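Counting with mature numbering (1 follows the signal peptide of the UniProt record, and there is no 0), you get residues -18 to -1, 1 to 557 for the letters of the sequence shown.
No wet-lab data here; the hints were simulated from the structure.
The model shown is predicted, which means the values in this text are computed figures rather than measured ones.
It is possible that part of the hints are untrue.
As the list claims (entries may be wrong) - For lysine to aspartate or glutamate, the following EDC-like pairs were computed, each having C-alpha atoms within a straight-line distance of at most 20 Å: (1) LYS39 - GLU65; (2) LYS389 - ASP363; (3) LYS247 - ASP259; (4) LYS41 - GLU64; (5) LYS247 - GLU219; (6) LYS319 - GLU448; (7) LYS269 - GLU487; (8) LYS254 - ASP265; (9) LYS179 - GLU65; (10) LYS181 - GLU487; (11) LYS493 - ASP259; (12) LYS319 - ASP265.
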Amino acid sequence: NILLLLGVVVVAVAAAAAAGAAGAAKTASATAAKSAPVVSTPEEAVKIVAAEKKDDKKKYKIAIFAPYMANSQVLWNKRVGEELMKAGHDVTIYMMHMFEITNPKIDVDPRIRLVSVNGSFGLNGDEMMKDQAYFSFHDVQLWDPAFRKSMARFGEMYKSCELFIKNDTFLADIENSKFDIAFTHMYNFCPIGIIHKTKIPTWVWLNSGALMDNVAELMGVPLPPSYAVPMMMDAGEELTFVQRVKSFIGHIIYKVMWRRMVANKETEVFRKEFGQDFPDIIDLMSKAPLVMVNSNELYDFARPTLSKIVNIGGVGIKNKDAKPLAPEFATRIEKAKGIVVMSFGSIAPMYLMPEHWKEAYFSAFAQFPDIQFFLRYEKADEIASVLPKNAHAVKWLPQTDLLQHAKCLGLISHGGYNSVQDVLHAGVPIVTTGLFGDQPRNAHLVERLGMGINVRKSEISKKTVESAIRRLVEDKSLKANAQKIRAMIATKPVAAETLLVRWTEFLAQHKTLDNLEPYGVHLNFFVYHSLDVIVFLGSIVFAVLAVAFLILRTLLRCCGICKCKQNVDKKKKNQ
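Build out the structure end to end from the sequences listed, making use of the hints.
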């Protein structure tokens, strides 16, 4: 009986334990059901993992040092900053003014912190623009006083750097912000020294156009002068012998010029302020972990590159972002067969254009009464009386919105890289007249793509302009080629915005990317080009040929001596 009673107790305890375990399991299951999402498909599981990663994503503090040199440069830096801000990062743009500008226009998303820093050393931006207009609208030779004046001003830019690094408030703001990563512009070397001084852990070198020659040189990117011409040269990639000579000399001149006129002077500025042990600016440049370029391998000239060169061309340009047009544009477009947009940028405004250029354009416009021409003309009131009826001049154009309109036939432009980007993403052709800098190169680029017409400065006349517009309107292949490039950009496997954000986050996390640096940057000129090897092998070939020549000459002499001896013996025998 006692054993039977003990058995009953054991069974009861076991049953109670089982019931308790079942209840606990049920409670745990219910709790898990409440806390964990229900996953019914693989797609939902992917979304959940992505959401968890997004929640865990680190927010980086990013500084962008942007030179206020032209609206196009401001626009480029603004687009980069806004894309990084949209990705959840804390962005500060330091707008660095190197000369005085009347009413600077800076329209940046309010969620981005904008800090204006004065580095003006007496140069007036409006006066510079007038001087630049002569340089822009005329074919200026190296010996022209205008060219020398422009180069002299370029060589004075180090003075603004002196003001920046003596601005204690500016430097303190950078140090106190504790940035994780910085971006700096290719035209302004001063921030590279500032980044080093304020101990920002890592940085990206931004190029607002194609990869600059000096940046390529320092990063170790080969620049074969046989087809990769200097950035400022008016040529494409298929060169004549004379052009190859110019390309070869141009690369040498540019390499010397930017070092002596800017980089070396700014090194002295930093050493004067912070001590002689401050690193050479050129050495700091060569250590750039990453370079981001406003270009795209789908439409730029094909040339050698490296893994640390990231193409983010067209970042921030979205066709879906086109806004409805104001009535002053919409009304005219509705009645027109098509529209053509004309803009020559902010550095070379159209009101400073030579009078014979204006007459050529306005007369050519009048030959196309069914087409409406929209001009960006800063002093529009001055030309209202001389414009043909189908031309409309305004101080500011919604260029991107107009180019993406269904009736847009194309753009007439100076060939600035932002304008080229706009037509590439809108899928419309372009008539270019390259004025200075990389613009002549860009004109050759769109010609190569089969979507551009190049009218050189020296060729501007009513006849050439009218011919270019007629081809723009009537040659359907131009539009077809532009649409093809647009489709390729839209379907590119990895979007520019994705590359910008992911590489920025990757670099902010890892700080340095020494494994992307080619060893070639450490080689001297002779070793890099294997000149010592060529001389060595050439010497061997020369020695072999010399020995062969000596042996052959000896054999020939021996044969000659033998033959002479035979002839002498023959003569003696005959006598």
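Status of each hint after checking the structure:
1. LYS39 - GLU65: holds (16 Å)
2. LYS389 - ASP363: violated (26 Å)
3. LYS247 - ASP259: holds (15 Å)
4. LYS41 - GLU64: holds (15 Å)
5. LYS247 - GLU219: Violated - the C-alpha atoms of GLU219 and LYS247 are around 34 Å apart, more than 20 Å.
6. LYS319 - GLU448: holds (17 Å)
7. LYS269 - GLU487: Holds, at about 19 Å.
8. LYS254 - ASP265: Judged against 20 Å, a Cα distance of about 17 Å means the pair holds.
9. LYS179 - GLU65: The given pair, whose Cα atoms are some 27 Å apart, is violated under the 20 Å limit.
10. LYS181 - GLU487: Roughly 18 Å separates the two Cα atoms, so the pair holds.
11. LYS493 - ASP259: violated (24 Å)
12. LYS319 - ASP265: violated (57 Å)
Of the numbered hints given earlier, the model fails hints 2, 5, 9, 11 and 12; all others are met.
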